[in-house]
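So the protein sequences, as listed, match chains A and B. Under our numbering, the final residue of the first sequence carries the number 290; numbering is consecutive throughout. Under our numbering, the final residue of the second sequence carries the number 381; numbering is consecutive throughout.
No wet-lab data here; the hints were simulated from the structure. Since the model is a prediction, treat every value here as computed from it, not as a measurement. A hint or two may mislead.
Footprint (simulated), chain A over chain B, 3 or more residues, beta carbon under 8 Å [said to hold, decoys possible]:
(1) 40-46
(2) 199-209
(3) 216-230
(4) 245-251
(5) 257-270
Where a beta carbon is used, it is the ideal one built from N, C-alpha and C, also for glycine.
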Amino acid sequence: MDLALQLLFTGIGIGAVYALVALGFVLIFRATNVVNFAQGEFSMVAAYLMVVAVEAGLPYWAAFIVALLGMALLGVVFNLGVYYPLRHRSYLPVIIATIGASILLANSVLAIYGPQPQVLEGWFETPGIQVGPVYLDSQYLLIIGVTICLVIFNFWFFEKTLLGKKLQATSQDKEMASLLGISVSTMIMITFIYSAVLGGLAGILVAPVLFVSIQMGSTIALKAFAATIIGGFGDVAGAIIGGLALGLIETFGAAYISVPYKDGFAFLVLIAFLIFRPQGIFGERVAEKA
Amino acid sequence: MRLTRRDFAAGIAAGIAAPYLIKSAHAQGATIKIGMCAPVTGPAAESGGYAIKGAKLALEAVNKAGGILGKQGELIVEDDQTTNPGIVLAFSKLASQPDIVGFLGSIRSTQVHAMAPDVIKLGKPVMIGGTDPNLTHMGNQWLFRCRPNDSYSGRVIAEYGVTTLAKKKWAVLHSTDAFGTAGGKALTGALEKLGAPPVLDQGYANQSQDFTPVVLAIKQSGADILGSYFTFENDLGIFARQLRQLGVNIPWVGSPSIVNITALKLAGPALYNTYGVADYAEDSSEGSKAFGKIYRDAVKVAPDNQSSWTFDAINVMAQAINKAGTTEPAKIREAILAIRKFAGAEGEYNFDQNGDGLHGYNIVKNEKGNITFDKHIEFND
Numbered sequence: 001m002d003l004a005l006q007l008l009f010t011g012i013g014i015g016a017v018y019a020l021v022a023l024g025f026v027l028i029f030r031a032t033n034v035v036n037f038a039q040g041e042f043s044m045v046a047a048y049l050m051v052v053a054v055e056a057g058l059p060y061w062a063a064f065i066v067a068l069l070g071m072a073l074l075g076v077v078f079n080l081g082v083y084y085p086l087r088h089r090s091y092l093p094v095i096i097a098t099i100g101a102s103i104l105l106a107n108s109v110l111a112i113y114g115p116q117p118q119v120l121e122g123w124f125e126t127p128g129i130q131v132g133p134v135y136l137d138s139q140y141l142l143i144i145g146v147t148i149c150l151v152i153f154n155f156w157f158f159e160k161t162l163l164g165k166k167l168q169a170t171s172q173d174k175e176m177a178s179l180l181g182i183s184v185s186t187m188i189m190i191t192f193i194y195s196a197v198l199g200g201l202a203g204i205l206v207a208p209v210l211f212v213s214i215q216m217g218s219t220i221a222l223k224a225f226a227a228t229i230i231g232g233f234g235d236v237a238g239a240i241i242g243g244l245a246l247g248l249i250e251t252f253g254a255a256y257i258s259v260p261y262k263d264g265f266a267f268l269v270l271i272a273f274l275i276f277r278p279q280g281i282f283g284e285r286v287a288e289k290a
Numbered sequence: 001m002r003l004t005r006r007d008f009a010a011g012i013a014a015g016i017a018a019p020y021l022i023k024s025a026h027a028q029g030a031t032i033k034i035g036m037c038a039p040v041t042g043p044a045a046e047s048g049g050y051a052i053k054g055a056k057l058a059l060e061a062v063n064k065a066g067g068i069l070g071k072q073g074e075l076i077v078e079d080d081q082t083t084n085p086g087i088v089l090a091f092s093k094l095a096s097q098p099d100i101v102g103f104l105g106s107i108r109s110t111q112v113h114a115m116a117p118d119v120i121k122l123g124k125p126v127m128i129g130g131t132d133p134n135l136t137h138m139g140n141q142w143l144f145r146c147r148p149n150d151s152y153s154g155r156v157i158a159e160y161g162v163t164t165l166a167k168k169k170w171a172v173l174h175s176t177d178a179f180g181t182a183g184g185k186a187l188t189g190a191l192e193k194l195g196a197p198p199v200l201d202q203g204y205a206n207q208s209q210d211f212t213p214v215v216l217a218i219k220q221s222g223a224d225i226l227g228s229y230f231t232f233e234n235d236l237g238i239f240a241r242q243l244r245q246l247g248v249n250i251p252w253v254g255s256p257s258i259v260n261i262t263a264l265k266l267a268g269p270a271l272y273n274t275y276g277v278a279d280y281a282e283d284s285s286e287g288s289k290a291f292g293k294i295y296r297d298a299v300k301v302a303p304d305n306q307s308s309w310t311f312d313a314i315n316v317m318a319q320a321i322n323k324a325g326t327t328e329p330a331k332i333r334e335a336i337l338a339i340r341k342f343a344g345a346e347g348e349y350n351f352d353q354n355g356d357g358l359h360g361y362n363i364v365k366n367e368k369g370n371i372t373f374d375k376h377i378e379f380n381d
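One chain only, chain B, in its complex shape (with noise of 0.2 Å):
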């Protein structure tokens, strides 16, 4: 057969384009994805595995309502490896597929902080976990927080401990992280408001294999309360324990970590009586109830903040899609925005036009591993 100049262009014409239409193709096809970066591996990987899970039980039951504009939603995991190069290289590959029209970051802040610049970039919606309050308030328009930023919880432990425990000497202990340092930044200023500035601020690095040091500096501080951000449950549960041993017994307030599923399991009863700023509490609200039972029914475990937030992102995200009536990421924006007494998981969504959509905590206390919800503190700023 002889290729005559024509055949040779049409040939290179078709080579050209088949790429696009391809991708063209898949883009307008049968399911809508949705990406997700999870720790697969590393130091998380296990509150990894719930929150797929949290996220793979919110898109059946979407996909059981009549799914995302008529077709059925897919999620795409990536292993972000619980480490900032992990999740930027997860996020990379997830953003290379062009018929991906929304994202899941990371719970951790110190990751959403590593990925951000590449979420400008590709100009699709993040929905995050990250309570790092700088994470919506620096300029990143794709970034949608699907839980409380740490500027409540500081606030609201520095109020239950102040007001409720009526404790003033505080020794305030955190992750050297972005998100420990935000954490411990947010609950001092809050105790300086009212009128008890902690008498011991300590940061520690993540992944340390004795608190020792930390406990004694506590202990000669003479507080009276602790209030703690801890990024990892490894180092939560060693603390704990070395705290318990070394005799210091006084209240302690925590941030979400201090009643994961994971941290109850390792402490055990180092952590009895301790109390926690959570974003999900399961007798919060009738939503929580109701995902309590859905994951309860379908993973056998106690629900916690891993599995409900991403729940909780995805349901938002199919909302606003259909809501938007199309993949569009700017009216996915928009629609995201809008969204106002939406009964998740975690809490009543109403979006600020910063991209968080939920404004409050709630308090519970471990009663024997076990975590009762005692109230709900919401902030209307």
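Just chain A, same shape as in the assembly (with noise of 0.2 Å):
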């Protein structure tokens, strides 16, 4: 019971951060109806941010904030740079320039800091907590905090705000949004800016405990595509609900099946989803019509 329950704990930290990328993947998707393969990178230039700015004497948080503007910029470059140039064209040039630019982006960050993998201390000074049988790593309370956190912001930024709104309209169908008035380039523009700040505090969350590396993002990118998959792409919550799942069951699966597989089970589940379920957890089957 006790190896069950840090199981549990550290699967929901992991699948956390899992989930936090994956929600990056999905807005992006319901914006554009393209997969961001950069959105691993985003996490990773996030910590290097953090890293330079915390070296520079900032204080932790202001170098917090400095790493996510820095990211919020990032994500305006993205969308002008990468996807609006190519707006007009099928899903697979912009599907191509995505992953061309997370080449550039791991390797600029290569050129400019160097391969040295860095230590990123944590927000709190205190490692963790023990509560009876359990270990609670801080960092993964925090990331567990912060990931709940964004599930409540991101129902009612989405479902009680007027630009939540128009971003779901715009993400619905850009046509009829355009025909009510709405700023489809604007929108897109805001859902890169909030997908890249989301991707970028995955990576200063994670950072500490996977260390800030040039290879961190792509890593995480992996998994949290196939937790976008498994959760149903486009959907928030299957975002969410994914992340945790694969989590979960590489978690579990390696404790009591296997360690060396443990990449393997999750990326079983995922197959098993495409062959049986393809929409995903909460995605909706799309028929054609005859």
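Using the hints, put the two chains back together into the complex; each one sits in its own frame.
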């Protein structure tokens, strides 16, 4: 039982990281109908920005704000440089452009900062607390807390605010949204900014656990992408549930079946979903008229 | 101007012959070229940088001392991207240059396995740092190892843990790649011979984000000592932190990565009081101390095996070419295998007929981040 509780906590913690990155995938997919394969690199860039800001002597909270502002700027540049010029093309050139952008981002950070992996201290001085038989890592607690807050915020933002509804309208039907006077390009710009900030937030939060390295983004993004498919592409709740499910599956699978095949369990579930429920947990079946 | 049939034939002949003449001129060029596959990008990019620095420092010293066959040595580096396809590509790029007389391969066994078939096809000497014992026992006569192999490291880890630390309930943790699997097998075999078969033999996949299930398995096994073979420092850092956080404080004797500069930086206090088998230990010999000084003065970072093996590889190859008096591969091979009592940074080189230059390991301890030398264990087989 003690073992299961420890695994439950860790599985939810790592799953929350996948969920945060998956949220970024979903938001951009809803707005543009393309998958942004640079979403993982957003996490990596933000973690490096945080390291640079802390090394420059800024207090942790100020470094956090600077890093997120940097990510907002990256969101703008990404939209204007990668998506906007290709917005009238089919989804394929845009997807290829995002893959290219991810390689560019990774190699740019490598060229500017060098290959050295970095240690980023967490928010709390205490690394964790022992509650009975379970050790609660303070960073994972923070990640879980932030994920819960974001779920609530997203619900409020998309369902209760005018801007959120405009974003939803844009993601559902751009032409109709445009006819209703919504500036589609502005909404897509906001989506890219929000997704970049979300990806960055995930990177900053997970950096004290996984260290800051050029590869950190791609490692997380692969799992987050799987989580997005499991949850249902295009669904915010699906991204969260998919991420958490993936974290739990791989943690429990590793503990009770096989450690070396930990990643295998995650992708086995992904394959099962693609075969038996391709629309994911929350996705709706799309039928074509004869 | 009228083009005659003779002019045309002469032009065609010159066109066909020119590339060969240019290549031949290059081969007899002003420098002796040595190719090096190193991770400039990818997860091992930092340690790859150290490896390149070690090789360059050695070549500088060789050149100052008169060079190779009276010419200056030149290092040509190709990025292996820390991947198997990456090193195959990097090696093929280098191999296509006929004026490169010898090569430095990888410290990662799995990458050496990947490039090994191309090494046989090329038929030129390649110095390697991968420690999977099979690499020099699979009929590839062009691989020469500048680090002791894991049949020694497994025995040293087992011997030290069982005899010196008096621990018999072992948990063996290893990567599931070629290096980790061979290392884990060597350690398990050595423990069985000492009458202490492991209570847990646990593999893990490289680039894991979480080691909680592994730590809990160690905890539940009741092991009183841990032996490990980690390939990547990131993994080692994450594991070390989680091990301590989850309250496992048993003695830990690890393969050389446990004392790598990158691992020490990432894991910090989580690695205090651990032991490592290290092919490079600064205080283990005069050659090691001399290298340590050169490296610290030049790079301003503490040396580790990432730089020491490439430093030795260049020196061994330069000496072999000078002894052979030619760049002919078969002659260089003979000269390498004939090397005896060569004082390198990693220890004393005595090449055997398989191409293994070193036959022992150092035991070191992490004392609050400082690596202190305990003893050297040498084998005669």
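To see whether the hints hold, each was checked on the structure:
1. Figure legend: the region 40-46 of chain B, annotated as covered by chain A; annotation consistent (6 residues with Cβ-Cβ distances under 8 Å, at least 3 required).
2. A count of 7 residues in the region 199-209 of chain B with a Cβ less than 8 Å from any Cβ of chain A is obtained; the coverage claim is therefore met, three being the minimum.
3. Counting residues of the region 216-230 of chain B whose beta-carbon sits less than 8 Å from any beta-carbon of chain A gives 3, enough to reach three: the coverage restraint holds.
4. Here the region 245-251 of chain B counts 3 residues with a CB under 8 Å from a CB of chain A, which clears the bar of 3, and the coverage holds.
5. With 4 residues having a beta carbon nearer than 8 Å to a beta carbon of chain A, the region 257-270 of chain B meets the requirement of three or more and the stated coverage holds.
Consistency with the previously given hints is maintained throughout, with no hint failing.
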